[in-house]
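Peer 1: For the record, the sequence lines run as chains A and B.
First residue of the first sequence: 4, per our numbering; consecutive thereafter.
First residue of the second sequence: 50, per our numbering; consecutive thereafter.
Each hint should be verified, as a subset may be incorrect.
Facing chain B, according to a computed beta carbon distance under 8 Å, are these residues of chain A, among others [what the hints assert, rightly or not]:
1. 32
2. 33
3. 34
4. 45
5. 51
6. 73
7. 75
8. 101
9. 103
10. 109
Everything labelled a hint here was simulated from the structure, so no lab data went into it.
The beta carbon of each residue, even a glycine, is placed where N, CA and C say it ideally should be.
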Amino acid sequence: DTGVSQDPRHKITKRGQNVTFRCDPISEHNRLYWYRQTLGQGPEFLTYFQNEAQLEKSRLLSDRFSAERPKGSFSTLEIQRTEQGDSAMYLCASSRQGEYQPQHFGDGTRLSIL
Amino acid sequence: AQSVTQLDSHVSVSEGTPVLLRCNYSSSYSPSLFWYVQHPNKGLQLLLKYTSAATLVKGINGFEAEFKKSETSFHLTKPSAHMSDAAEYFCVVSDQSPGRRALTFGSGTRLQVQP
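Only chain B is shown next, with the shape it has when bound in the complex:
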């Protein structure tokens, strides 16, 4: 079984300050982990993915995430927030169990960026 917990439903930061969106996962197999972003009334865009290579993963738009197996965490960070980063962010796990391709999404974190 696999599950994802996003620890904050809302995060508010000022433009130019760091962003931290927290995610913990549970998986019976070696997981693949993803962060997706969703702007209002749009589909989901892949920010980055972890697939058992480097534990620090760099994505688009300056976002990074670090896989920490001992803490079962995959937190998303960005050094300096931009107004255009305001959106809903989803942490996602795929446990690569045989025959299963379903992604399991967290409930999302809404990021607000204040001017």
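Same shape as in the complex, but just chain A:
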């Protein structure tokens, strides 16, 4: 169990640029989740995949955000035309399928918009 891996750990970009983050889940986990955490708050759910299917999306996920998991393994989260309000920690988690399976989190990607 090597844990959930996220890349990059930090991303600084100018407003209006596009950014992409990557998440590699624990290998035997077929569910993958994205959350966003702003300073002083708990994480907020963005979206989740079961294998390659995106099954749930939060209203927080505006049309500037897109997530993919093309082969049911790693996932990418892209933010287009970044805005100041996108500055946050983006957390990825994975879990096994089934009831009550806990989600295991990566260390996150911290995004700073200049």
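Since the structure of chain A is already known, use the hints to place chain B on it.
Peer 2: Chain B only, in chain A's frame:
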């Protein structure tokens, strides 16, 4: 709908004294409840989970939580605080409603441990 309220944003204890972090939840279905801990600039680590089995749940590092349905509470306790326990703690609910897998987090409680 599901929600979580963490009743204290900051708790400060002395090393060796008990810890109590309070959490109340709301859920339309039978909930699963979790406590996660987050150290600075790190991801979240699962401390313990409640999934409708025993109401007293034991977790890692000496932490426990008790599910009380009548009070809709899931408070986290530890008999004796250690300096390494200083971190942010999140109470989390998942209501297991059909098709939903999202976790709902509380706003967090920052635990300080004084020497």
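Peer 1: State for each hint whether it applies.
Peer 2: Hint check:
Annotation: residue 32 of chain A was flagged as interfacial toward chain B, and the flag is violated, the nearest CB pair being 12 Å apart, outside 8 Å. Because the closest C-beta pair between residue 33 of chain A and chain B is about 12 Å apart, greater than 8 Å, the hint is violated. Below 8 Å, beta-carbon pairs count as interface contacts, and residue 34 of chain A has one with chain B at about 7 Å; its hint therefore holds. Hint status for residue 45 of chain A relative to chain B: holds, with the closest Cβ pair at about 3 Å, below 8 Å.
Residue-level restraint check for residue 51 of chain A holds (minimum Cβ-Cβ distance to chain B is 5 Å; threshold 8 Å). Annotation: residue 73 of chain A was flagged as interfacial toward chain B, and the flag is violated, the nearest CB pair being 20 Å apart, outside 8 Å. Restraint check, residue 75 of chain A versus chain B: the minimum CB separation of about 16 Å is more than 8 Å; hint violated. Residue-level restraint check for residue 101 of chain A is violated (minimum Cβ-Cβ distance to chain B is 11 Å; threshold 8 Å).
Interface restraint check: residue 103 of chain A against chain B, minimum CB-CB distance 4 Å, threshold 8 Å, status holds. Using the Cβ-Cβ criterion of 8 Å, the hint placing residue 109 of chain A at the interface with chain B is satisfied: the shortest such distance is roughly 5 Å.
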